[in-house]
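Numbering that gives the first Met the number 0 applies: residue 0 is where the sequence shown begins, and numbers increase by one.
One or more hints might be untrue.
Simulated crosslink set (DSSO-like; lysine-lysine; CA at most 27 Å straight-line) [what the hints assert, rightly or not]:
hint	residue 1	residue 2
1	Lys287	Lys52
2	Lys138	Lys283
3	Lys287	Lys138
4	Lys52	Lys283
5	Lys138	Lys52
The calculated label-pair distances, taken between Cβ atoms and stated as ranges, are [to be verified]:
hint	residue 1	residue 2	range
6	Pro295	Pro199	25 to 35 Å
7	Lys283	Ala67	35 to 45 Å
8	Thr241	Met0	47 to 57 Å
9	Arg299	Pro176	47 to 57 Å
10	Pro237	Gly203	26 to 36 Å
11	Pro322	Leu38	55 to 65 Å
12	Met0	Ala137	39 to 49 Å
The set of hints was computed from the structure by calculation and includes no laboratory data. Since the model is a prediction, treat every value here as computed from it, not as a measurement. From the three backbone atoms N, C-alpha and C, an ideal C-beta is built for every residue, glycine too.
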Amino acid sequence: MSERGAASARFLVDSGWGAAERRPLAGDASFRHYERLSLNGRTAVLMDAPPPKEDVRPFLAIARHLAALGYSAPGIMAASETEGFVLLEDLGDDLYTRILARGADSSVETELYAAAIDLLADLHRHAPPEGVARYDEAKLIGDAELFLDWYVPRRLEREARADERRRFRDAWRAILPAGERMPLTLALRDFHADNLIWLPRRRGVQRVGLLDFQDAIITPLPYDLVSLLEDARRDVPPDIVTAMIERYLAARPELDRSAFAASYAVMGAQRNIRIIGVFARLAKRDSKPRYLEFLPRIWRLVEHDLSHPALRPIADWMNAMVPAAMRERDR
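Generate the whole structure from the sequences, applying the supplied hints.
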């Protein structure tokens, strides 16, 4: 048994789950690993987040905050912050992604997305917790530069030049004020179908089980709507996207619709351009080429976001740096 395996076994013994049957669960793009535990008819989930690559403290803090607000974050049954182990309530297997992949009809898809939108509208009425980092201009631009660091060398077969980087940053500085004309709120950041579990026996917004929120940040409120509706991994039907944005705005009538649309486009462009860089990095550095399969969809989302007039500076930069004919190679 490896040293890490022995540490997890000790943690489970100390938590009263030492005799549990252990079965690996699908992981994500991080260094975290998950197992489902079964013991005497009960189940739980073990999160293995090895330090120093991972830190469970942000997850624990956000999980407790969400639970205090009445949302269905997994309950914390036991945790070792120093060793990076957390024993979690098992919310089941009914990920939005799996339900929708089974061929759910449009009414089911609408119900799932409506519940998620209702949760966001409710969450955004609450003040964010202390200690969560603001996704400020420097971080927004820095994350977008992953596109320069990883995608540009892949597609152009050269590094981005200093003047190209400068113009990229200048373009973002020109458009970010339009993105920030909405109230700031807690964003779970990876709020999409792969991280939402359907809990139909619960009521209201508690029907939406929440996963993978340890990277939560403070952003303008459209950010998580973008995460949900501009999903890198699945196509959300345009009529559902339109209906869900309308549903959110109906719940927040005080918001200026024009400012919301501009902020949504800016947050969408930043998120999707960053994800292109992240997926190019996963393919190159981490030998996970399957992530490149998502690039055609993400490019379509980027092009939609860049069509908003407020994004003209970054659209002009993109069209000069990676023209449409070059993007077609990813399709």
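Margin query: Is 39 to 49 Å respected by the C-beta to C-beta distance linking Met0 and Ala137?
Written below: holds (44 Å)
Notebook entry, point to check: Falls inside 55 to 65 Å, the C-beta gap from Pro322 to Leu38?
Noted result: holds (57 Å)
Checklist line | Given hint Lys52 paired with Lys287 - CA-CA distance at most 27 Å | finding: holds (18 Å)
Next item on the list: Check the following: the C-beta atoms of Lys283 and Ala67 are separated by a distance inside 35 to 45 Å.
Entry: holds (41 Å)
Notebook entry, point to check: Does the hinted range 47 to 57 Å hold for Thr241 and Met0 at CB?
Noted result: holds (53 Å)
Check: Under the criterion that the straight-line Cα-Cα distance not exceed 27 Å, is the pair Lys287, Lys138 satisfied?
Finding: With a Cα-Cα distance of about 25 Å, the restraint between Lys287 and Lys138 holds, given a limit of 27 Å.
Next item on the list: Return holds or violated for the Cβ distance of Arg299 and Pro176 against the range 47 to 57 Å.
Entry: Violated, since Arg299 and Pro176 (Cβ atoms, about 26 Å apart) do not stay within the stated range.
Checklist line | Hinted pair Lys138 and Lys52, Cα distance within 27 Å | finding: holds (20 Å)
Margin query: Given the hint of 26 to 36 Å, is the C-beta distance from Pro237 to Gly203 inside that range or not?
Written below: At roughly 27 Å between Cβ atoms, Gly203 and Pro237 fall inside 26 to 36 Å, so the hint holds.
Next item on the list: Please work out if Lys138 and Lys283 have their alpha carbons no farther apart than 27 Å.
Entry: holds (23 Å)
Checklist line | Range hint 25 to 35 Å (beta carbons of Pro295 and Pro199) holds or violated | finding: holds (33 Å)
Notebook entry, point to check: Does the alpha-carbon distance linking Lys52 and Lys283 stay inside the 27 Å limit?
Noted result: With Cα atoms ~19 Å apart, Lys52 and Lys283 stay inside 27 Å; holds.
Comparing the model with each numbered hint stated earlier shows that hint 9 is the single one that does not hold.
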